[in-house]
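Join the two chains into one complex using the hints; note that each chain is given alone, in its own frame.
Which chain is which? The protein sequence lines are A and B, in order. FYI, my numbering numbers position 6 of the first sequence as 30, with every residue one higher than the one before it. FYI, my numbering numbers position 171 of the second sequence as 170, with every residue one higher than the one before it.
The hints are simulated quantities; they were obtained by calculation from the structure and are not laboratory data.
With a straight-line Cα cutoff of 25 Å, these simulated DSS-like cross-link-like pairs (lysine-lysine) come out:
1. B:Lys185 <-> A:Lys30
2. B:Lys170 <-> B:Lys183
3. A:Lys116 <-> B:Lys232
4. B:Lys185 <-> B:Lys510
5. A:Lys30 <-> B:Lys378
6. B:Lys385 <-> B:Lys452
7. B:Lys377 <-> B:Lys445
8. B:Lys95 <-> B:Lys252
9. A:Lys30 <-> B:Lys384
10. B:Lys452 <-> B:Lys183
11. B:Lys183 <-> B:Lys384
12. B:Lys510 <-> B:Lys377
13. B:Lys216 <-> B:Lys232
14. B:Lys508 <-> B:Lys183
15. B:Lys315 <-> B:Lys252
16. B:Lys170 <-> A:Lys30
17. B:Lys379 <-> A:Lys30
18. A:Lys30 <-> A:Lys92
19. B:Lys510 <-> B:Lys445
20. B:Lys333 <-> B:Lys232
21. B:Lys377 <-> A:Lys30
Which residues of chain B face chain A? A few of them, derived with a C-beta cut under 10 Å, are:
22. Ile4
23. Ile7
24. Leu204
25. Ala207
26. Lys216
27. Leu219
28. Leu227
29. Leu239
30. Gly240
31. Tyr328
32. Lys333
33. Trp371
We put the CB at the ideal spot given by N, CA and C, even for glycine.
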Amino acid sequence: MPANLKYLSSPSQRFAKITAGFLGGYMVSISFHLLLATWLVRESVIITMAFTGFLLWCGLLVLAFMAKRGWVIWGWYLGISLLCSLGVYLAKV
Amino acid sequence: MSNRIYNILFHTHTVSSIVISVALYVIFFAGSFSFFRDEIINWERNQSVDRVDEMSLDFDLAIDSIQSRYALYGRSVTISQPHAERRVNVRLSGTKDTLAVEEAKAARFFYVDTKTYEITDYESSYTLGEFLYRLHFFAQIPYPVGYYLSGFVAFFFLFAIITGVLIHWRKIISSFYVFRPWAKLKTIWTDAHTALGLIGLPFQLVYAVTGTFFMIKLLLLAPVVSLLYDGDKGQLYQELGHTHPSPTLSSQKLTPATDINWFVADANRIWPDFNTTRVHIDNYGDGNMQVRVEGEASTENKLLSHGHVTYLASTKAVLSKKDPLETVYLDTVKSALNSLHFADYAGLSLRLVSFVLGIITCFVILSGVMIWLTARDKKKYEGRKKFNTNVGAIYLGACLGLYPAVALFFCLVKVVPAGLEGRFPLMGNVFFVFWLAYIVYAYVIKDFGRINKHALVLAGGMGVLIPILNGIQTNQWFWRSLPSGHRDSFFVDVLWLVLSAIALVVAFKTKAKAGQQESVPNGRKKTIADKTVMRKTLGERPVLMD
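Extracted from the complex, chain B is given alone in its bound form (with noise of 0.2 Å):
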């Protein structure tokens, strides 16, 4: 590679990586906490949750707690459980019946708990784990603001890794077994970006490739609609499968209701190895009343299958299927998408590998930035020193606090009684408030040590608080919620425990190095002399000129 190239390219790394370094940060560190969305929302609820595949509700005491309180005729009746909580999703599409009543007409979105068939609404329903799901694709920033920001972060972070691997290319395997933790502070964060971005780097590209898709597919998919569909939106979504044709009303009510728990038995008649993820009903209650039981085979069996079978209701004759052991390439790639970036294809301990990975790209994202500031700590840069130092200050503190701001929601939940009006908006404005006020402090204190250090003691001491606080509230005290079958309570519980014993750890054990900027031992207050004499020992440090 030529030098020009060489720099070209390392000055678009460098730009375009420092631009979206914050917002990088915040995805991938709520992101991460995110692979524990389900764990986090039991946690929560105190509510032990069994994991399998199969959904375990009776689809028809479900179906009776709707009708209870929506008129179902005409409608579809969506029921599909994505999520490892107790409750399912219910969606129903306005009814067909024209004749009906406007309150019919209308769609809606609500959950049904899979013990009590209790229904719950979404605002009532909202938890830690999905606003930390949200944060990560900044979707508290108003629609479409959050969404598209987070999907041009994600594209820009495509073009920092490509522009990464090209610029280290050449020493790519070398420079993976470098590391100098003894070496001077520059060297430390190069080699640590270095080898960790290279160890990240798989993981790193499924994630930026399919979040860019997730949250500005609109941009794919825009001008093929408009080409290629002659702007018909509906057929696209067909042919990919998203939709099925909605069949017509024949308007001869359906008498009795069939019952639905009969189609899922059928289904897993039909293929033993079928786990249920999904049914669908269309035109409830009517004539031509049909119902699709969607599902996939055991991942023993088969990694990212889809099948489905779809009945007529009134007699139950099977009128489309696909079996899903069957390859078929659209479902295949449709189900690699959302399988990689939210990687259910395993249990657990596959969550916990892209969580330490997760944080590993946060840790690649701070080194960079570090990396950043370090080579512009120079006599060269005297005159923008002032500025640099200052963002420097911001991107720190608002990387770092975000950590502790977490376990202060975390905290929130034990401790803010569960009935308290606006309850969650109350705990999301402490947690941006806090957050916000750890930036200013940052930017007031400008030591880049010091930022770090408190906001692991605060993380740390907070976390510690978290099982204490779960165990006061809930008395499912961390070592007899396993006993108890609370799985996920004792498994968050332990998280916080260990990431803030990690966290205390590297706060107190952590020694500035040699010219550092790090509060000067003795509680002496740093004097001028002290800081001319760092910035000496900075500034005349030679840079490694990679």
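Next comes chain A alone, as it looks inside the complex (with noise of 0.2 Å):
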């Protein structure tokens, strides 16, 4: 029953996955919910954020998991936020 080793990550993969998951997830769940805040009503979307920001998160995260590469998932979370930050950005300048 225990999973099949065969299917799993090698160690780097691993770690890379890990932290996609966990920081880049964040920063991804942190940023889109930012840039609705600006581009939408503000209270309204951080209080929505109390229920979809940790499970957006928490979505990434498994997302991630089931990444076959984890540089490649790193390199989409990274993007995703930068442009979300881009949009944040532009509205507040």
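Laid out in structure tokens, this is it:
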């Protein structure tokens, strides 16, 4: 019953996936909500985030584990958070 | 789902769940009892409390009582009743009057009894109900470690829920209907884990999300404050309606200080269906004194409602108001966060259902640990067997030992005399030492069946004592308490009788399954031969590949 080891990732891949999911996922979830908050009704988005913030982060953590290569998912998460941050920056200036 | 993803998810589900299992069990076990926090407190104090949604006290008598001890001029005073207890919470801010003495500039928190108008502080009012409630987010571990620990446990619980659902997704309906109590041990644990996990799924998801938010909301709010509010935390809280801009002091004293009861009554005149939950006074005794009466509509008319009226005290003019029946997104979501977690949007029956679901979740956690253990009870894992058994014994000792430890605490509350110096820390220490001793005992005997049985016997035995000790101490025997209006006393006594009966029946009726670790009948000491046979039968058992 324990998972078949042949399907599990190597230690370096595993490290990349865990950090991508935990740190990258957090960055995506936060920057995405910040983007929504700057373009939509601010306090409504922030209070909605109480529910969706951790759900999205956790979903992204799961998604990172499903990826084939940890570095690729890091790339995606970094890219998305940069795009969202750019949107926040544009709204602020 | 490909085999690769299935196995990866399976592995992450196992690892994350095993790591958090004991902490999560404690959170759910103590949390389940916390649904009855107010009942337990009223049982402890032997007080009867009328269940009404409306605050029932004379606000002016309360203010008089507070004023006899604290100078109130220029302070803000908040009186609220978040719990179904006889006392209300009072929070004083420091005064805005710059000329006041230092004493008046310090903030204060205390309770006022709604019958005697006596003032008591937090420490001397500490109760078992409060202790269990705080245990369920590890508040006994110094702040902020306990809060963050419980918050991240809740977050990884969310992770375990999502991965668990994904693993079972394809067979989620069919495996729900599968229960094979006469099959081999491993199968029983698996069936119970999936079926009960699915029954509790919506409940668990709600508690994982809201629990994570309560404990580690700082992770969400810190970037919001620094990037959207330029570091101004106060502005965020104002926008979310947690705080209100505080009016300035006019420095002209208001004489005589107006009666607060009038404002509360007036709010009830504006909306006939208005239950006051909180009264907030700014600039007490000042020309610019403002009174804000907050409340809700009754739940028959509207769930998750919130309304308020703010008055200028000197002229009794309404400065602002919000109809509780009007729906505002922000207020509704905020109330939903709390109500979903505290299960306070309906009566006792809802909390009873939540209690059962909470205990079911404890079972799901334990059955998960048992799957992990039995799946590793194979020849392939022989090298790690000792380690796995030790971990299993400690895990089970910590989880199952909590039940008798809680029962012991309920007994102590009724035995240790009320006036004793350092009473609560003493009882708390006895609780923790007993719990630790049970873990050590479990580690020493390493026999899962006996760890379970002895915990149940201890908890059942002490549980039966609880109503008896309460009867001796208060003369409020459970057959008398209901007619005399002590509903909570009756409830807690009967709850323990029912729980103890279940514990004792389970302890004495459970037969060890063949091959399960359990003491050998006839009082014969287990021989090495027995153990070898046992290991063999366990080891050769084909393991279900899900």
